[in-house]
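K.L.:
In terms of UniProt numbering, the sequence shown opens at residue 1 and continues consecutively.
What you were told as hints is all true, and nothing was included just to trick you.
20 Å max Cα-Cα, derived SDA-like pairs, lysine to any residue:
1. K252 with D381
2. K302 with G401
3. K263 with Q249
4. K312 with R340
5. K263 with K345
6. K244 with G221
7. K376 with V258
8. K263 with H310
9. K238 with I226
10. K259 with P346
11. K404 with E303
12. K259 with D369
13. K428 with T242
14. K345 with S306
15. K312 with V406
16. K176 with M206
17. K264 with G405
18. K345 with P403
19. K428 with Q222
20. K238 with Q249
21. K312 with L402
22. K176 with H162
23. K312 with V407
24. K189 with P390
25. K189 with H389
26. K263 with H380
27. K176 with E158
28. K238 with D224
29. K312 with S301
30. K259 with L362
31. K176 with L191
32. K252 with E219
33. K302 with G398
34. K244 with Q222
35. K263 with H344
36. K176 with L386
37. K302 with P333
38. K314 with H389
39. K244 with Y230
40. K312 with T396
Treat the hints as calculated values from the structure; they're not laboratory data. In this text, all values refer to a predicted model and were calculated from it rather than measured experimentally.
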Amino acid sequence: MHRAAGFLTLWPPTPHSRAPTLQPVASSPPPPLQVGFSRQLQCDFQTPGPRAHLGICLRLPPAPRGPQEVARAPIFAQEVHSGPRAALPAGGQPAAMKPSWLQCRKVTGAGGLGGPLPGSSPARGAGTARRAYLAPGPRGALGGRGCRALSSAGGGGEYKTHFAASVADPERFWGKAAEQISWYKPWTKTLENRYPPSTSWFVEGMLNICYNAVDRHIENGQGDKIAIIYDSPVTDTKATITYKEVLEQVSKLAGVLVKHGVKKGDTVVIYMPMIPQAMYTMLACARIGAIHSLIFGGFASKELSSRIDHAKPKVVVTASFGIEPGRRVEYIPLLEEALRLGQHKPDHVLIYNRPNMETVPLAPGRDLDWDEEMAKAQSHDCVPVLSEHPLYILYTSGTTGLPKGVVRPTGGYAVMLNWTMSSIYGLKPGEVWWAASDLGWVVGHSYICYGPLLHGNTTVLYEVI
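Whole structure, please, built from the sequences with the hints as guidance.
P.N.:
Listed below in structure tokens is the structure:
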């Protein structure tokens, strides 16, 4: 059983379209400590691989420190912090910050990179059977059965070597990383940086991220390996889904979208809970070169409306209900109100009726039933796209005005994610990975859906609010 308690936030490596720079950042006093245990999440799924990795990062206020330097490299960047860190007391949990530490009952050894990730301090007792804690800092990562720390008492080791190489010669570094991705057409230039800060990666190269995340594993004889562990405490449902089964669902759904007018470059809005069908839709869009915009299932009509108006989807894919402890979220009335408030009207709304619940009525001429469409669907092959082809639009929170759409291109994103799964998180293909996030956030896109599947891992889809 894996347990984590507290306010959990994932901090994935972030691509930056910027030439390597080194700039000072002024220090500031740490904000008040406002983290602590609010809810306990627990999974008791069986792990078919040799070990499971708990991909949780704990967001804490920064420890007091002096001036820091931030080194940024294209595609992948991490903050490099200097200054004092709060020390762990010998033999126990820090008394002053007791409610704010993620505890591992057994650390099975350092994995991934040889040293601590930037922004975190070494885990005490790595490689021993004693308890280990992640020292306070803005970023950190834990992984492994019973939590395997991705840090050690070393001074950075392999990570610093990788980071320095990526800054010194980004074209060579990321060109080599890109060789782990399958391309329909090789790129002619790794990095084009004629108009800083805008950059283009893997110029003229063509690929398909769905092929890399699903098809190629089957072609390599891994079709019967588990791709997704679906664990839904709110519906008392558990399922394991193989790569072969994912391909069947995704290729048929791609055929459904094409049948109803979706083509390369069109946008599809996804408004669904944490269910496998949401991942199928993301991958189906990528399969045909459509741009998906997955909207967090907890948003209400006003937030949904502004995003639909901006994305202008040809099709909206949704579910009948979301399930939360003690209540149901009725997506269809929320969507109808969003369409009433907004200007853009999609051609079709594809509705997945959740099992063991009442079937929602369809609007004639607009709505499509998921099961009916999938029953008569024809599979669709992957469509090659240029490296810079948009993969998805993900919107900011909108707290300072209208939400801003952030576009992620396909090539650099695929290369970066595949690289981080082994080089940052220390996973081997076939191992189990859980990112404690939601598909509606960038961490969910990157480390529930695309990253683990690109790398041939088993990803845990955990439906709970």
